[in-house]
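Sequence lines, in order, name chains A and B.
So that you can map any letter, position 22 of the first sequence is 22 in the UniProt record's numbering, and since no number is skipped, the others follow by simple counting.
So that you can map any letter, position 181 of the second sequence is 181 in the UniProt record's numbering, and since no number is skipped, the others follow by simple counting.
Wrong hints could be hidden among the right ones.
What the hints assert, rightly or not - With the C-beta cut set under 7 angstroms, the calculated list includes, among others, these residues of chain B facing chain A:
1. Ile104
2. Glu107
3. Gly251
4. Thr269
5. Leu271
6. Gln273
7. Ala274
8. Gln278
9. Val439
Stated by the list, open to error - From the derived model, a few chain A residues whose C-beta atoms are all more than 12 angstroms from chain B:
10. Gln124
11. Thr206
12. Gly208
13. Arg328
14. Arg341
15. Gly344
None of these hints come from the bench; they were simulated from the model.
We put the beta carbon where it would ideally sit given N, CA and C, even for glycine.
2 protein chains.
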Amino acid sequence: MSVELNDADESFITGLRDILPAAAFLEASDTFLTEPRGRYKGKGVVVAPDTTEQVAALVKACYDARVGIVPHGGGTGLVGAQVLTEGRIPVILSLSRMTKVREIYPEEGVMIADAGAVLADLQQAARDAGKMFALSLGSEGTARIGGLLSTNAGGLNVLRYGTARAQCLGLEVVTPEGEIWHGLTRLHKDNTGYDLRDIFIGAEGTLGVITGAALKLATIPAVEATALLAVESPAAALSLLSLSRDIVGEGVSGFELMSRVGFEFLMETGLLQASPLQPLPDWQVLLRIGLPAGADVEAVLEHIFTAASERGLVYDGLIATTLAEAERLWTIRETIPEGNRLIGSVASHDISLPLSRIPDFIPEAARRIHDVAPLRINCFGHLGDGNLHYNAFPRAGENRAIYEGIRSQISRIVHDLAVEMGGSFSAEHGVGRLKVGDVERYSDPVRLNMMRRIKAVLDPNGIMNPGAMLR
Amino acid sequence: MSVELNDADESFITGLRDILPAAAFLEASDTFLTEPRGRYKGKGVVVAPDTTEQVAALVKACYDARVGIVPHGGGTGLVGAQVLTEGRIPVILSLSRMTKVREIYPEEGVMIADAGAVLADLQQAARDAGKMFALSLGSEGTARIGGLLSTNAGGLNVLRYGTARAQCLGLEVVTPEGEIWHGLTRLHKDNTGYDLRDIFIGAEGTLGVITGAALKLATIPAVEATALLAVESPAAALSLLSLSRDIVGEGVSGFELMSRVGFEFLMETGLLQASPLQPLPDWQVLLRIGLPAGADVEAVLEHIFTAASERGLVYDGLIATTLAEAERLWTIRETIPEGNRLIGSVASHDISLPLSRIPDFIPEAARRIHDVAPLRINCFGHLGDGNLHYNAFPRAGENRAIYEGIRSQISRIVHDLAVEMGGSFSAEHGVGRLKVGDVERYSDPVRLNMMRRIKAVLDPNGIMNPGAMLR
Chain A
1 MSVELNDADE SFITGLRDIL PAAAFLEASD TFLTEPRGRY KGKGVVVAPD
51 TTEQVAALVK ACYDARVGIV PHGGGTGLVG AQVLTEGRIP VILSLSRMTK
101 VREIYPEEGV MIADAGAVLA DLQQAARDAG KMFALSLGSE GTARIGGLLS
151 TNAGGLNVLR YGTARAQCLG LEVVTPEGEI WHGLTRLHKD NTGYDLRDIF
201 IGAEGTLGVI TGAALKLATI PAVEATALLA VESPAAALSL LSLSRDIVGE
251 GVSGFELMSR VGFEFLMETG LLQASPLQPL PDWQVLLRIG LPAGADVEAV
301 LEHIFTAASE RGLVYDGLIA TTLAEAERLW TIRETIPEGN RLIGSVASHD
351 ISLPLSRIPD FIPEAARRIH DVAPLRINCF GHLGDGNLHY NAFPRAGENR
401 AIYEGIRSQI SRIVHDLAVE MGGSFSAEHG VGRLKVGDVE RYSDPVRLNM
451 MRRIKAVLDP NGIMNPGAML R
Chain B
1 MSVELNDADE SFITGLRDIL PAAAFLEASD TFLTEPRGRY KGKGVVVAPD
51 TTEQVAALVK ACYDARVGIV PHGGGTGLVG AQVLTEGRIP VILSLSRMTK
101 VREIYPEEGV MIADAGAVLA DLQQAARDAG KMFALSLGSE GTARIGGLLS
151 TNAGGLNVLR YGTARAQCLG LEVVTPEGEI WHGLTRLHKD NTGYDLRDIF
201 IGAEGTLGVI TGAALKLATI PAVEATALLA VESPAAALSL LSLSRDIVGE
251 GVSGFELMSR VGFEFLMETG LLQASPLQPL PDWQVLLRIG LPAGADVEAV
301 LEHIFTAASE RGLVYDGLIA TTLAEAERLW TIRETIPEGN RLIGSVASHD
351 ISLPLSRIPD FIPEAARRIH DVAPLRINCF GHLGDGNLHY NAFPRAGENR
401 AIYEGIRSQI SRIVHDLAVE MGGSFSAEHG VGRLKVGDVE RYSDPVRLNM
451 MRRIKAVLDP NGIMNPGAML R
């Protein structure tokens, strides 16, 4: 059933020059051909339209000529969805020239933006309007909203505000046949048919090209406070989460678990001088509370700290008393991936679990890995979302290259155990090209069959991001 | 391309008796053949399996024999999705014998239930576990969760907690070919493929049968307070909403607009003795705030009241000082539909609008209706969601029958204007059979084409709820 694709060759590109402005043709620089982990090197001809109509014309041309398209946002994805390494030469459709905030309605809590708008710019536009765009993650200075939606990105604010999916009211999409779906609704409720928005969100560019998005804006919490707390164990961290929520409900806006190893890496690589808590705890939680005006947020945090100490959940900690101190603590958390990068992981994982299975998962996964190799485990992440980054590293002084041969075995161990426990092998990073095999291995077969049918019927020529998500 | 269906005739039913227990065959009573507004009278053979495997066997038999299936939950839908009136005799697949809460995880905030569980029972199960299941609406004593999800029901708590979609983590679904998708995940994050969950939510039983759901449980707000406030206009009500959110953010958990006419109907029909506010205001807002422990919720409400009065947004009001008083106020709001029913509407509408268009919509729609007939308008609803129930009634002493000839003209006026202003002709009630023509008239054609393709590829024999949502 699958259709043969053709190369985006000279004659095809010459044809494109008739329908697109010269400025749309960009050099195929490393920006477009590499990805952050350096695992893949892509290929393709870079075309960057500056209107939705140009995107539609480009996609229509690719559809007619059966040329593959790799949509490209900020290029920050971690699973290779943005780089095609094999097969026919594709068009790399960059949204980098579509970056406008089109409209903003602060009183409605809605902002409409081009898919190429950078997340940090959207956050700033919201702040300028007295509101907050709640999506936030490490790559926010580079990642673009179309890619973030296509990945259904998570990040630091999911616990309170949800993933990218929950921040989106409507989409403008160019279909794989080059038509435009005008779905940029500002409505909070609209039950008039199948929910196509959510099919495109998280589809990683395999069903069409997101060109615009209507985004939800939230109220800026009037007062916020952050605490760094030492907990005995992941189980104690979960009890602390439950206790915090009983006290302040949705007011818990951040709840990150960090392991001793993560801090050791930061100090080993010079990214952190000293642990704020001494001696360095095995497990720490970074907790943020945001409350409405009038609330005494530090008193609430003290109350949580006291109640948690009385229950034996927390044995040390500090409350940031200034904004600068809070930012310093959050910077530590956000620097952990850079520490990991400098150490060099053998295998990285982005798993999720039912919350109550996490305390069993962490030691059991370590046990199974240590049966294979004496790796160091840095387990950290968005505990409140059940999402752990569970990464394996060589011992101090070793180079990760010596473990190259067991990389896939380690990942298999971690993913098998996560799925055994009702979890997922990809919580927020997506599938891309890295985890296509995992989709085939772990997906419910009935679900996989429905996915394949939807792909086939919405992208009949199979031109959209070939090889990503589904083979 | 469309396949001819067959009747669920004697010989087909005889075959079913071999694969299903005798108890599954129920009498086709009015419960299954009528709907709340009395506009449709359905037909069919009622079969009520009591396990997911039985549902799968039943659907497989229908698929093989090309017999239509109308899934039936609590039968409370308002657009006729639950009754098939023409064409071949279908199986009415009742979920009324699958009503269990399967599992509950209070510390994870997750509950897994059969699709036939009644909403009020789920709310109670959550409360018994110290949590809250936030979906709440007038029909909660009868409506079943499978139907509520298939409709993506809204109700009174959408502003804070979202629609049914936002309360659901995962689904178990029997596909139109009789296979089971085991998608009952407890995960809050899982980016491993297309979001099929959200395609089934709101599909009104046209893509498969929801047999089970994993539902989110929320923290019960520690303290709540309700105020009834007289506002000058819908515009003032919107400013009051914005002000309230600036002060307490997500703490605003209910924000209902009610018109003078709604209260007049309640008094005319004897459902209400007297207006709590005297003289009866043209427009009133029912506002509920829910806050974490320790917050002085009445003081916060007083603060909102004072600030709104200073800005000229509110000119009268009362704060409920007891739980009983608050419940009395909410009962008035929840009784408005019964008042409408007793008066007898000429045409009812469930529209949504971008929030800032509402103040223009209300008088303009009335003007256009009054060009046609001197009807009374009762406009009320979930203002915070942009969702209005905009219903037209005969003048006092008149019977609605005299306006039967202009019913569709009135609906056309209301829906045309809503869509002109960027709104929707169905905010929370769905499409069913009542609004299939509206879907064809108002939908973006590219979207409609994608919907039809998805329907065709997931339900190749066209047996699922024939004639609902799409013709």
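Tested hints:
A hinted interface residue such as B:Ile104 counts as satisfied when its beta carbon comes closer than 7 angstroms to some beta carbon of chain A; here the least separation is about 12 angstroms, so the hint is violated. Evaluation of the B:Glu107 hint against chain A yields a held restraint, the C-beta minimum of about 5 angstroms falling below 7 angstroms. Satisfaction of the interface hint for B:Gly251 is found here, the shortest Cβ-Cβ separation to chain A being roughly 6 angstroms, below the 7 angstroms cut-off. Of the supplied interface hints, the one on B:Thr269 is violated, with its beta-carbon coming no nearer than about 28 angstroms to a beta-carbon of chain A, more than 7 angstroms.
The beta carbon of B:Leu271 is not positioned within 7 angstroms of any beta carbon in chain A (closest approach about 27 angstroms), and the interface hint is therefore violated. The beta carbon of B:Gln273 is not positioned within 7 angstroms of any beta carbon in chain A (closest approach about 33 angstroms), and the interface hint is therefore violated. For the restraint placing B:Ala274 at the interface with chain A, the shortest Cβ-Cβ distance is roughly 33 angstroms, beyond the 7 angstroms limit, so the hint is violated. For B:Gln278, the shortest C-beta to C-beta distance to chain A is roughly 31 angstroms, which exceeds 7 angstroms, and the interface hint is violated.
Nearest Cβ of chain A to the Cβ of B:Val439: about 6 angstroms, under the 7 angstroms cut. The hint holds. Residue-level check passed: A:Gln124 sits 20 angstroms from the nearest beta carbon of chain B, beyond 12 angstroms. Not every C-beta of chain B lies more than 12 angstroms from that of A:Thr206, the closest at about 8 angstroms, which undercuts listing it as non-interface. The claim that A:Gly208 lies off the interface is violated: its Cβ sits roughly 9 angstroms from the closest Cβ of chain B, which falls inside the 12 angstroms cut-off.
Even its closest Cβ contact with chain B, about 26 angstroms, leaves A:Arg328 beyond 12 angstroms, as expected for a residue assigned away from the interface. Against the 12 angstroms criterion, A:Arg341 stays outside the reach of chain B, whose nearest CB is about 21 angstroms from its own CB. Against the 12 angstroms criterion, A:Gly344 stays outside the reach of chain B, whose nearest CB is about 25 angstroms from its own CB.
Hint compliance for this structure: hints 1, 4, 5, 6, 7, 8, 11, 12 are not met, and every other hint is.
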